[in-house]
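A.B. asks: Taken in order, these protein sequences are the chains called L and U.
One point on numbering: in this note's numbering, the residue at position 187 of the first sequence is 187, and numbering is uninterrupted.
One point on numbering: in this note's numbering, the residue at position 250 of the second sequence is 250, and numbering is uninterrupted.
Some hints could be false.
No copy labels: a pair is met if it fits in one copy or bridges any two.
[Claimed, not checked] Straight-line distance between alpha carbons at most 25 Å, and here's what the computed SDA-like set of lysine to any residue pairs gives: (1) K248 / K336; (2) K42 / L3; (3) K365 / R393; (4) K430 / D149; (5) K178 / E417; (6) K457 / R225.
The hints are simulated quantities; they were obtained by calculation from the structure and are not laboratory data.
One letter stands for each residue in the lines below.
Number of protein chains: 2
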Amino acid sequence: MDLRLRAFFEPKSVAVIGASRNPRKIGHIIVSQMLKAGFSGKLFPVNPKATQILGLKAYPSILDVPERVDLAIISIPAHYTIQAIEDCGKKGVAAVVIISGGFSEVGNRELEEELVKEARKWGIRIMGPNCMGVYSPSSNVDMLFTPDDVLPRAPRGNVAVLSQSGSLAAGLMTMLAKQEIGVSRFISYGNAADVDEADLLEYLSEDKETKVIALYMEGLKDGRRFMEVAREISTNKPVVVMKGGRGKAGTRAVLSHTGSLAGNEEIYDAALKQCGAIVAQTLEEFVDVCMCLATQPPAKGKKVGIITNGGGYGVVAVDSLEDNGLEVPSISKELKERLKRELPPFYSISNPLDLTGSCTADQYKIATQAMLSSEDIDCVMVIALMSPPLLDRPRLIDYMIELASSKEKPLVVISMEATEEITKQLRRLKHAGIPYYTDPSRGARAIAALARFGEVKKKGSISSESC
Amino acid sequence: MDLRLRAFFEPKSVAVIGASRNPRKIGHIIVSQMLKAGFSGKLFPVNPKATQILGLKAYPSILDVPERVDLAIISIPAHYTIQAIEDCGKKGVAAVVIISGGFSEVGNRELEEELVKEARKWGIRIMGPNCMGVYSPSSNVDMLFTPDDVLPRAPRGNVAVLSQSGSLAAGLMTMLAKQEIGVSRFISYGNAADVDEADLLEYLSEDKETKVIALYMEGLKDGRRFMEVAREISTNKPVVVMKGGRGKAGTRAVLSHTGSLAGNEEIYDAALKQCGAIVAQTLEEFVDVCMCLATQPPAKGKKVGIITNGGGYGVVAVDSLEDNGLEVPSISKELKERLKRELPPFYSISNPLDLTGSCTADQYKIATQAMLSSEDIDCVMVIALMSPPLLDRPRLIDYMIELASSKEKPLVVISMEATEEITKQLRRLKHAGIPYYTDPSRGARAIAALARFGEVKKKGSISSESC
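Chain L extracted, bound-state conformation (with noise of 0.2 Å):
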């Protein structure tokens, strides 16, 4: 790992080139946000013409600043970022962000190539050029240029979120934060002229903060590298990756927006997979899958118990299931003796177990005890239509925190915030860490990320010649 690195996270020190007086400047918006944020360590606003911006002391250079700088972010025209890498160069900073545009995405590979040049002379790392940088609330880093009165932040996490396009990034960034997703850092690193995919996995394959990695990319300048770091990672921290650009017409897409060259969508899927990687399609998926690798642990296999209050909830339950190549077993003897036992006489006991409408939260605590300490169950999917009339919902709640508190195996509710009360109790399910989902399809295919992670884990380091 390259220690440079932890300076985009961890910076003690920031230099902002390019630091405006401006509200509507990208330069102001990034002191404005690193304050917000509430960096603890020193902030320099660099700009020529201004002796203050934002209250802060404003250098004409940063060379003129009198300490030492851990990281410059650097948000002036594409022409100038050579002299200002020089600069960066000559004072010592080992980590530079670029999130001026005006590079290879526009056909000026010449310029970046010049760029990497001059940074490399230095022994600088760059992140972008064409990028938004960091965000990292447990360092209280926020150098993205978008205000967070229009794009609300995630809250701190233990998700790092990668993105190529700066407007996925802030696609995902509203969607984590609607969805109160954690993130522990969250990196738009745009062209990746020089720090790329594989560089930011092995930082964060050692990050303290990072449990999961989740990866929005288009194309890879270093197939090979990008795939031997993730087989060595991603049996340790699971790997979430989405490719964009898939069919023809994503490709032209790509071309004409990175610049990147998208590769055959079949040897991407095969080479992510046999890596380890947990491939989504869609950016739903991601954002689902990523909340669910987050607080659950891996399923040992594939075979999921369901427990629901409506019988047609536990059909289209184990539709999606076996349509994301998972399996809904008969339930075994010992199981069924158990719920036999404990349960009313008057429940049929099978999976899905169906608690009907007369369902109470005693009852699901009963099955889903049940089903989680049984051999025969990896992972346990507790459906909960909040209406019923016997069903006690904060009792239901208290009893499902407790009960997946152990972490030994994994359980994810579906659910449907309606009224306002209802939505205050599947909120508390939230923030103890138990995902739930609207759509039987979303939970399944979360559950499918759950299970893939426990059969990369168990297969444990995959020979270097398979990747």
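Got chain L; can you put chain U on it based on the hints?
C.D. replies: Frame of chain L; chain U shown alone:
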């Protein structure tokens, strides 16, 4: 069409057999919900032990009701229902909803057959048994026995929703209410002992309140008749079908749920498609597709034009559209010239058309208008991240509403509710009849349904041999 069915949806007078003073009883909630819904006809609680229920005069038997009764809703133990049907027959009631369970769904096929036999003797049509019945906002009918304080109702609209399963019906209602998708008739028809899917489809095909028919089913008793009716209707009104119990475990789950025999997946799938139905695989898709069909015209073909302000979103949208059998064609010469003329020179004109982070509402208007009026585009997907600094959000929404109002070509928006203000703007879109989705993949599935309906319409009446 059997005119007796009208009494289920537009009764002038309703008797509730099994009405109760106990607020926890189904027979109480039904009366209470009918009153809350503002039912303007006559309502007669029937209960031998009460003189008054919820302020209404109660009658010992339906035979004691002094006026004509169009519809009886029965919620009494299963073994009393035969007698109740006889009473209804003597009273001249044409339509009866049997809420009570305890029939074929628990193996009691004989009682169910007896029930039907008794009803036929009197010329009565039965909905149920083992169902929730009807919610019909246009006629202020609401017999759903889950109170609206735990199961909020969807607003009035033009989607008819049919579900064999009561729990699925409840779940769908929650989803529809949350997404503010309006329903015309919402029907939980349970065991379908008498009135079945085909009868309801026939009725709804001529129902002026209904534009889209959406059906969740697990099995069909008379598959041939259903397919014939569906084929007749589907060229006129879109018929969306979700079939539960597709795989082996699913078939087993269906058997234990409704006692229906779920058939072979491939056969169902092929038959449904041949009859012009639009098949949904998940609940989310089912609801998403309804929202689109309810508001947008069918697409004349598969060619989708994409306008975006994020390159990555464009890439992801292309993938999703292609995954759903749609096309994202290169932009035609004519359209390219028009866009080049009308947009600022720094945009590269292609499909997806990327207006980038410097987009304005006016540029969105220009681009959308051009695509909507191009012969080479059948449907427009507008992706609008709401955070770009120059984007006047209220104006963008105004433009979209204006452009979509002609309803000549479908328009689908991809955006995300983030802040309160953004959510408010997006809700304006929805209230004006423009669907929006968080994830391009969800929008793509909805567009695929519009293209499918367009194709079915074009084919017109499919020859009966092909079905």
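A.B. asks: The structure should be examined with respect to each hint, and the outcome stated for every one.
C.D. replies: For each hint, the structure was consulted:
no.: 1; hint: K248 / K336; verdict: between (51 Å within a copy, 20 Å between copies)
no.: 2; hint: K42 / L3; verdict: within (20 Å within a copy, 79 Å between copies)
no.: 3; hint: K365 / R393; verdict: within (12 Å within a copy, 48 Å between copies)
no.: 4; hint: K430 / D149; verdict: both (24 Å within a copy, 23 Å between copies)
no.: 5; hint: K178 / E417; verdict: both (13 Å within a copy, 8 Å between copies)
no.: 6; hint: K457 / R225; verdict: within (21 Å within a copy, 52 Å between copies)
When held up to the earlier numbered hints, the structure conflicts with none and fits them all.
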